[in-house]
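> Keeping their order, the protein sequence lines are chains A and B.
Each residue of the first sequence is one higher than the one before, counting from 1 in the working numbering.
Each residue of the second sequence is one higher than the one before, counting from 1 in the working numbering.
Treat the hints with care, as some may be off.
The list treats identical chains as interchangeable, and a pair is accepted whether it falls inside one copy or across any two copies.
Straight-line distance between alpha carbons at most 30 angstroms, and here's what the computed DSBU-like set of lysine-lysine pairs gives [as the list claims (entries may be wrong)]:
#, residue 1, residue 2
1, Lys32, Lys116
2, Lys32, Lys120
3, Lys225, Lys401
4, Lys43, Lys258
5, Lys242, Lys258
6, Lys289, Lys43
7, Lys24, Lys116
8, Lys349, Lys242
9, Lys178, Lys225
10, Lys91, Lys225
11, Lys258, Lys24
No lab work stands behind these hints, which were simulated from the structure alone.
These figures come from a predicted structure and were not determined experimentally.
There are 2 protein chains.
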Amino acid sequence: MTSFNIGMYGGGTVGGGVYELIMKNSPSNNMKITKICVRDLNKPRDFQVDGSITSWTADPDSILEDDSINCIVEVMGGTGLAKRIIETALKKGKAVVTANKALLAEHWNELQKVLKANPKARLAWEAAVCGGIPIIQILQTAYQGDEISSVTGICNGTTNFMLTQMFQHGAAYDQVLKEAQGLGYAEVDPTADVEGHDVRAKIVLLSQLAYGGSIVGGVEQIPCKGISKITEDDFAYARLLKATIKLVGTARRMEGGKVSVYVTPAIVEERHALASIDGAGNAVVVESKNLGACAYTGPGAGRYPTANSVVADLYRLSASTTAAAASDDALTLDPNYAGSFYIRFPVAKKHAGIVGKIGVCAEQHGVGIRSVLKNTDKDFCVITEDCQLSQVEGLCADLAKQDFAGNDEALFMPILSG
Amino acid sequence: MTSFNIGMYGGGTVGGGVYELIMKNSPSNNMKITKICVRDLNKPRDFQVDGSITSWTADPDSILEDDSINCIVEVMGGTGLAKRIIETALKKGKAVVTANKALLAEHWNELQKVLKANPKARLAWEAAVCGGIPIIQILQTAYQGDEISSVTGICNGTTNFMLTQMFQHGAAYDQVLKEAQGLGYAEVDPTADVEGHDVRAKIVLLSQLAYGGSIVGGVEQIPCKGISKITEDDFAYARLLKATIKLVGTARRMEGGKVSVYVTPAIVEERHALASIDGAGNAVVVESKNLGACAYTGPGAGRYPTANSVVADLYRLSASTTAAAASDDALTLDPNYAGSFYIRFPVAKKHAGIVGKIGVCAEQHGVGIRSVLKNTDKDFCVITEDCQLSQVEGLCADLAKQDFAGNDEALFMPILSG
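Only chain A is shown next, with the shape it has when bound in the complex:
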């Protein structure tokens, strides 16, 4: 058991939680937070510190250069200063715990290089993905003799809250976005959440753990679709299908060794493990050769769930001296994922023979149709047999050229069977 003198970067929601959880069991947990670095020393904080143990600083280097500090906790976010701090701390042999998924997803390979060059360096990041769910620890330890075939997660509490409101109360997108902003769940600029960028960073991290390699090139190459185009109509159809709609990140191992990683809204049938994940909850379903499907669910964000994951990392690092460098094998991406798809296709006006034309188009693209539903005069819903993303894209492009096509784009998403 290593004793930790901790320097913490960040004094916000999560930082306050970490301070409370560590200090209420100090010193019996062999840990104490001796310095907290924040940008603005004058900003009011919502937690009290014991001045006889803990001091505040605005100088990041005063922690890095303090040899009495052997562990840093980075909960300030950002990918600039945070990167310098983490790399420097690792090189100095300080244990590092971070909640920074954006930094990890963007600079994974550089961090792995630092870890490999410093075999005693230790980096833990349970809090970076899915708040309080110990999914990182689970992927690192429960599947070592197994082969994971897919990881599918609801990893963003903001959008899951919004989709739950739309499903349960028939609310419109703009209305639930305002509600989420009012509650502090969504940012003033909600792009990172609603366009799926946050989920993308997380599924990149999960896929690298699950398949033991790293994704070469930027995260921008990952197909990423958010929820901003989902309407009440989609939920009406989902209800007809005994299903709901969730924003999911998926990483699937394909035949031939490629990995398909993508972010998309999905129709999730009632009996699927992800269907009942409501509000700000998160969940990850891992499918593997030995275990079949396992689901891990819990709170996706918030002060204490996220702080709890930081603290669990601290206990683990304190108990162990294992190095944490991951495999640096490259993973080859296959963006052309497959499945049964839901397509909502807008039509301009009442028109005879639409179903026949859809059928001909689908056949030309090799897409089998399971059912065609019509709920309003302004659109059609098509459920496909298993096919590939590229086939669906081709079909939608062709449909848009037909004389009955409406002005809006078609919307499609995969169906997760219950």
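Place chain B on chain A using the hints.
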């Protein structure tokens, strides 16, 4: 990373799975199984061993006395010989991985004493509870800075298969028991499964991990009710309530430090995380101060799920030298658990004024009634407000003395809200 020369006890379903998973990655995993001890060397096995590496023996001591073997895997079951083997191996400094929940639940305190007396001894038992779900590892590492308030699990695949069949197909208990026996899910003598004894051993182990102590006295003091009295009528009522019925083990921390541990069938509302766990699946819901409710679900039994947990333990032990003795603080039990209850009460004949008399009885026992339902002429269903087990037992005893009472006993169980 310690290299493991493994001696395995047991060559059955799980043993064969462990052999395959270890040997297919040997020697790159630094592990090999060099001896397998079985009772009957002539019995046919459903897996092939490589005779140049692995030999068979019927003599348990030939593994214990072999100094080249530094790790044993015990997957033979039983609480007699298995206990001697595990204790001797620990004393000799061999790492031990076992899947034997009955042994652990019955002899926990003795094993903890051996661990304490031998600080280098290492014992891991992920496979003992909930097959492939890494619930032991999760409880040991994800909640170190947290306070668990309850653990509720579906921990027995056989009974969950039976209850699922009864729910989905309206089948009778006797019929699904025969079906489960035909499929090899249930034993010829199904007592351990259907009367909840298997769940009892598992919830004892989970409660000791969750609350960091050990239950003093035998497992017989744990209130334990199985599923053998559940009828189609109960499922008819459950459907009216938009719920199903599950056999659950629960361990809840009470005010004042007592712990309430019990096994019972429960009405589980549709939206509850446990409602959708079907067939031979298992799930554990952990409620804690920092995380709220987290659910961990996966396969509860079977060759590869169970073997995968054994193998995950081997990887963990190989990577770490942490001792595994748990706290030996005693936990004080409170068998009088509380909740909203479902009561099905048989009546002898049509009779006026029954609801009034039920109301008077309930009032005398301080039990609030939420609703009274009547589905057939032969029984009533009562849903209570939150109350204690002892109050429900008292109410049922009083109802049995009324002139309208039928011959059968009342059946009651708690309701898990969705």
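> Taking the hints in turn, state whether each one holds.
How the hints compare with the structure:
1. Lys32 with Lys116: Classified as both: same-chain Cα gap 28 angstroms, cross-chain 28 angstroms, threshold 30 angstroms.
2. Lys32 with Lys120: Both ways: Lys32 and Lys120 sit 21 angstroms apart in one copy and 28 angstroms across, limit 30 angstroms.
3. Lys225 with Lys401: Answer is within; shortest intra-copy Cα gap is 23 angstroms, inter-copy 65 angstroms.
4. Lys43 with Lys258: neither (49 angstroms within a copy, 43 angstroms between copies)
5. Lys242 with Lys258: neither (33 angstroms within a copy, 43 angstroms between copies)
6. Lys289 with Lys43: between (51 angstroms within a copy, 28 angstroms between copies)
7. Lys24 with Lys116: between (35 angstroms within a copy, 28 angstroms between copies)
8. Lys349 with Lys242: Classified as within: same-chain Cα gap 28 angstroms, cross-chain 41 angstroms, threshold 30 angstroms.
9. Lys178 with Lys225: within (20 angstroms within a copy, 50 angstroms between copies)
10. Lys91 with Lys225: neither (38 angstroms within a copy, 58 angstroms between copies)
11. Lys258 with Lys24: Classified as between; 22 angstroms across copies, 47 angstroms inside a copy.
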